[in-house]
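Number of protein chains: 2
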Amino acid sequence: MKLSMAAELAVRGIIVLASRPAEKPTPLDELCRLRKLPRDYMTRIFSLLSRAHLVTAVRGKGGGYQLARPANEITLLEVIEAVEGPLAINLCQHNPPQCQEPNCRVRPVWEDLQKKIRSALGSKTLDELVCDVQ
Amino acid sequence: MKLSMAAELAVRGIIVLASRPAEKPTPLDELCRLRKLPRDYMTRIFSLLSRAHLVTAVRGKGGGYQLARPANEITLLEVIEAVEGPLAINLCQHNPPQCQEPNCRVRPVWEDLQKKIRSALGSKTLDELVCDVQ
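Top line first, the protein sequences correspond to chains A and B. The C-terminal residue of the first sequence carries number 469 in my numbering, and the numbering is unbroken. The C-terminal residue of the second sequence carries number 469 in my numbering, and the numbering is unbroken.
This is chain A alone, in the form it adopts within the complex:
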């Protein structure tokens, strides 16, 4: 039971944006340097975050990335789902399910656990997670 590395890095990266002035875009190079994040991989991750409308790319001089919405309106769950796809902790929790064994008594356990995880991640917004970055 594990967060993907893509989601782990997406959370770290987007928190840097949430920790800086909203009106000032952060170049990806600078963001990676601040948190020792792998540059190539972060290009792909920020492209996914942008596609999910969580961050916006600002082109040109003084450009970079900024949050697409206020930090208190973006949840950890949204960040994770932007890179992992819809939360599905195992085969039967996909939509549609990838396992539909009839009368399975483990399925309600996964369902309940998935709800708990969604609730925990969906109730945390980026403004609560800002860190000390220059």
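By construction, these hints were calculated from the structure, which means they are not laboratory data.
Distance condition first, Cα-Cα at most 30 Å in a straight line; then the derived DSSO-like pairs of lysine-lysine:
(1) B/K459 x A/K337
(2) A/K450 x B/K450
(3) A/K459 x B/K337
(4) B/K337 x A/K371
(5) B/K459 x A/K459
(6) A/K459 x B/K451
(7) A/K450 x B/K459
(8) A/K459 x A/K337
(9) A/K337 x B/K450
Residues from chain A that keep clear of chain B, each with C-beta distances beyond 12 Å, as calculated:
(10) L363
(11) R368
(12) R374
(13) T378
(14) S385
(15) N430
(16) P431
Now the stretches of chain B that chain A is said to cover, found in silico as 3 or more residues with beta-carbon under 8 Å:
(17) 337-343
(18) 460-466
Even glycine gets a Cβ: it sits at the ideal position worked out from N, Cα and C.
Given the coordinates of chain A, assemble chain B onto it according to the supplied hints.
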């Protein structure tokens, strides 16, 4: 945030044992046939379950696998940890942590979530999950 395929299959496999008479070992071939589980992969998974003292291999004619303890004394968490290793939902939740960023405000979120997952999985025992197998 996802269960590994190894853990998913381990849970399915061990539940077959929990669903059959405790004193009658189940050959791995039969177990795989009952739940359409991949034979080669299950050999490795049952070897891990055996190493974790959750199942016992009975050799010879009429041999196979049986639970090493009563089903109500084996939790889902133990089954998952037997194949995935100690539960660590992300880098900072390993022991020792693989990320120790000072003053990180996401870490308590992961810590709390990991506790919730441990608690949910640690409170479910195999006797609650038995299914209808021949």
